[in-house]
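Asker: Produce the entire structure from the sequences given, and follow the hints as far as they go.
Per this note's numbering, the sequence shown starts with residue 168, numbered consecutively.
Errors might be hidden in some of the hints.
Here are the computed distance ranges between Cβ atoms for each label pair [claimed, not checked]:
no.: 1; residue 1: S266; residue 2: R213; range: 40 to 48 Å
no.: 2; residue 1: K227; residue 2: G263; range: 19 to 27 Å
no.: 3; residue 1: A251; residue 2: R213; range: 42 to 50 Å
no.: 4; residue 1: K197; residue 2: A251; range: 33 to 41 Å
no.: 5; residue 1: N249; residue 2: V289; range: 41 to 49 Å
no.: 6; residue 1: G263; residue 2: R214; range: 33 to 41 Å
In the PhoX-like style, the derived pairs of lysine-lysine whose C-alpha atoms are separated by at most 25 Å in a straight line are [what the hints assert, rightly or not]:
no.: 7; residue 1: K227; residue 2: K275
no.: 8; residue 1: K172; residue 2: K188
no.: 9; residue 1: K200; residue 2: K186
no.: 10; residue 1: K220; residue 2: K197
no.: 11; residue 1: K265; residue 2: K220
no.: 12; residue 1: K275; residue 2: K241
no.: 13; residue 1: K241; residue 2: K227
no.: 14; residue 1: K230; residue 2: K220
no.: 15; residue 1: K200; residue 2: K265
no.: 16; residue 1: K265; residue 2: K275
no.: 17; residue 1: K186; residue 2: K227
no.: 18; residue 1: K275; residue 2: K200
no.: 19; residue 1: K190; residue 2: K275
no.: 20; residue 1: K200; residue 2: K220
no.: 21; residue 1: K190; residue 2: K241
no.: 22; residue 1: K172; residue 2: K265
no.: 23; residue 1: K275; residue 2: K230
no.: 24; residue 1: K230; residue 2: K190
no.: 25; residue 1: K230; residue 2: K265
no.: 26; residue 1: K190; residue 2: K227
no.: 27; residue 1: K230; residue 2: K186
no.: 28; residue 1: K186; residue 2: K241
no.: 29; residue 1: K275; residue 2: K188
no.: 30; residue 1: K230; residue 2: K241
no.: 31; residue 1: K265; residue 2: K188
no.: 32; residue 1: K200; residue 2: K188
no.: 33; residue 1: K230; residue 2: K188
no.: 34; residue 1: K200; residue 2: K190
no.: 35; residue 1: K265; residue 2: K241
no.: 36; residue 1: K186; residue 2: K265
no.: 37; residue 1: K186; residue 2: K197
no.: 38; residue 1: K230; residue 2: K200
no.: 39; residue 1: K220; residue 2: K190
no.: 40; residue 1: K186; residue 2: K172
Hints were generated in silico from the structure; no laboratory data involved. From the three backbone atoms N, C-alpha and C, an ideal C-beta is built for every residue, glycine too.
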Amino acid sequence: MYIEKNMFDNIFNTVMDIKEKTKDNMNARKDLKIICNHPELELDERRSNVMPKTVYTLGKEQKRRVCEWIRDLKFPDGYASNLARCVDMMELRMHGMKSHNCHVFMQKLVSIAFREMLSEHVWRALTE
168 MYIEKNMFDN IFNTVMDIKE KTKDNMNARK DLKIICNHPE LELDERRSNV
218 MPKTVYTLGK EQKRRVCEWI RDLKFPDGYA SNLARCVDMM ELRMHGMKSH
268 NCHVFMQKLV SIAFREMLSE HVWRALTE
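Answerer: Given below as structure tokens:
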């Protein structure tokens, strides 16, 4: 369960583009230039290492819609705790989720939450 919680945190924070919580940073982008052939993800060195927006992150309005959707979710008693308590609408992020709630989100809700907001190939990779 704790491995799944760590996976959830990494995936959710990367998709929601939470600063200081995502694995997508300057060093990772520099490594991409050396290891992979993904020019759309490489740093723009002419603009002082500006990181271009990726296809697997959401914009501010999309993050707001996801957080509002999670805040309004209702579950049967005993299935999952109240996820509305974990949503921070000011910073558009989640915090304090227990491992069971992360399990429920990864198994049941990830496919619904990001279906309309991510491109098809990114959504398929997340849900498989």
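Asker: All hints, please: hold or fail.
Answerer: Hint by hint, here is what the structure shows:
Take S266 and R213: their Cβ atoms lie about 44 Å apart, and the range 40 to 48 Å holds. Against the hinted window of 19 to 27 Å, the Cβ-Cβ separation of K227 and G263 comes to about 22 Å, which satisfies the hint. The hinted window of 42 to 50 Å between A251 and R213 holds, with their beta carbons roughly 44 Å apart. Under the hint 33 to 41 Å, the C-beta atoms of K197 and A251, about 39 Å apart, fit the expected range.
Here the CB-CB span from N249 to V289 is close to 29 Å, at odds with the stated 41 to 49 Å. In this structure the supplied range 33 to 41 Å holds for G263 paired with R214, their Cβ-Cβ distance being about 37 Å. With a C-alpha separation of about 24 Å, the suggested pairing of K227 with K275 holds against the 25 Å cut-off. Between K172 and K188, the direct Cα distance comes to roughly 14 Å. Compliance with the 25 Å bound is thereby established for this hinted pair.
Restraint check for K200 and K186: satisfied, since their Cα atoms lie roughly 22 Å apart, inside the 25 Å limit. Distance hint between K220 and K197 is fulfilled; the C-alpha atoms sit about 15 Å from each other, no more than 25 Å. Of the supplied pair hints, the one linking K265 and K220 is violated, its CA atoms being roughly 30 Å apart against a limit of 25 Å. Restraint check for K275 and K241: the C-alpha separation of about 13 Å stays at or below 25 Å, so the hint holds.
Note on K241 and K227: the hinted pairing holds, with a Cα-Cα distance of about 24 Å set against a maximum of 25 Å. With a CA separation close to 14 Å, the supplied pair K230 and K220 stays within the 25 Å bound. The straight-line distance between the Cα atoms of K200 and K265 is roughly 37 Å, outside the 25 Å bound, and the hint therefore fails. Distance restraint check for K265 and K275: the Cα-Cα separation of roughly 16 Å lies within the 25 Å cut-off, and the hinted pair is therefore satisfied.
For the given pair, K186 sits about 13 Å from K227 by alpha-carbon distance, which is consistent with the 25 Å threshold. Proximity of K275 to K200 is assessed by CA-CA distance (about 35 Å); at most 25 Å being required, the pair is judged violated. As the CA atoms of K190 and K275 are separated by approximately 24 Å, the hinted pair is consistent with the 25 Å bound. Of the supplied pair hints, the one linking K200 and K220 holds, its CA atoms being roughly 16 Å apart against a limit of 25 Å.
Annotation: proposed proximity of K190 to K241 is violated, straight-line Cα distance about 31 Å (limit 25 Å). With a CA separation close to 8 Å, the supplied pair K172 and K265 stays within the 25 Å bound. Between K275 and K230 the alpha-carbon distance is near 19 Å, which keeps this suggested pair within the 25 Å criterion. Restraint check for K230 and K190: satisfied, since their Cα atoms lie roughly 18 Å apart, inside the 25 Å limit.
Taking the CA atoms of K230 and K265, the gap is about 21 Å. The hint holds against a cut of 25 Å. Proximity of K190 to K227 is assessed by CA-CA distance (about 19 Å); at most 25 Å being required, the pair is judged to hold. Our distance criterion of 25 Å between C-alpha atoms is met by K230 and K186, whose separation comes to about 13 Å. As the CA atoms of K186 and K241 are separated by approximately 28 Å, the hinted pair breaks the 25 Å bound.
With a CA separation close to 23 Å, the supplied pair K275 and K188 stays within the 25 Å bound. Restraint check: the Cα-Cα separation between K230 and K241 comes to about 19 Å, which is no more than 25 Å; the hinted pair holds. A C-alpha spacing of about 17 Å is found between K265 and K188, which places the hinted pair at or below 25 Å, so the restraint holds. At most 25 Å may separate the alpha-carbon atoms for a hinted pair to count; K200 and K188 meet this at roughly 22 Å.
With a CA separation close to 15 Å, the supplied pair K230 and K188 stays within the 25 Å bound. Taking the CA atoms of K200 and K190, the gap is near 16 Å; set against the 25 Å cutoff, the hint holds. For the hint pairing K265 with K241, the CA-to-CA distance comes to about 17 Å; that is within 25 Å, so the pair holds. A distance of roughly 21 Å separates the Cα atoms of K186 and K265; the hinted pair therefore holds under the 25 Å criterion.
Between K186 and K197 the CA atoms are separated by roughly 18 Å; this keeps the pair inside 25 Å, and the hint holds. Proximity of K230 to K200 is assessed by CA-CA distance (about 28 Å); at most 25 Å being required, the pair is judged violated. At most 25 Å may separate the alpha-carbon atoms for a hinted pair to count; K220 and K190 meet this at roughly 14 Å. Taking the CA atoms of K186 and K172, the gap is about 19 Å. The hint holds against a cut of 25 Å.
Checked against the numbered hints given earlier, this structure breaks hints 5, 11, 15, 18, 21, 28, 38; the rest are met.
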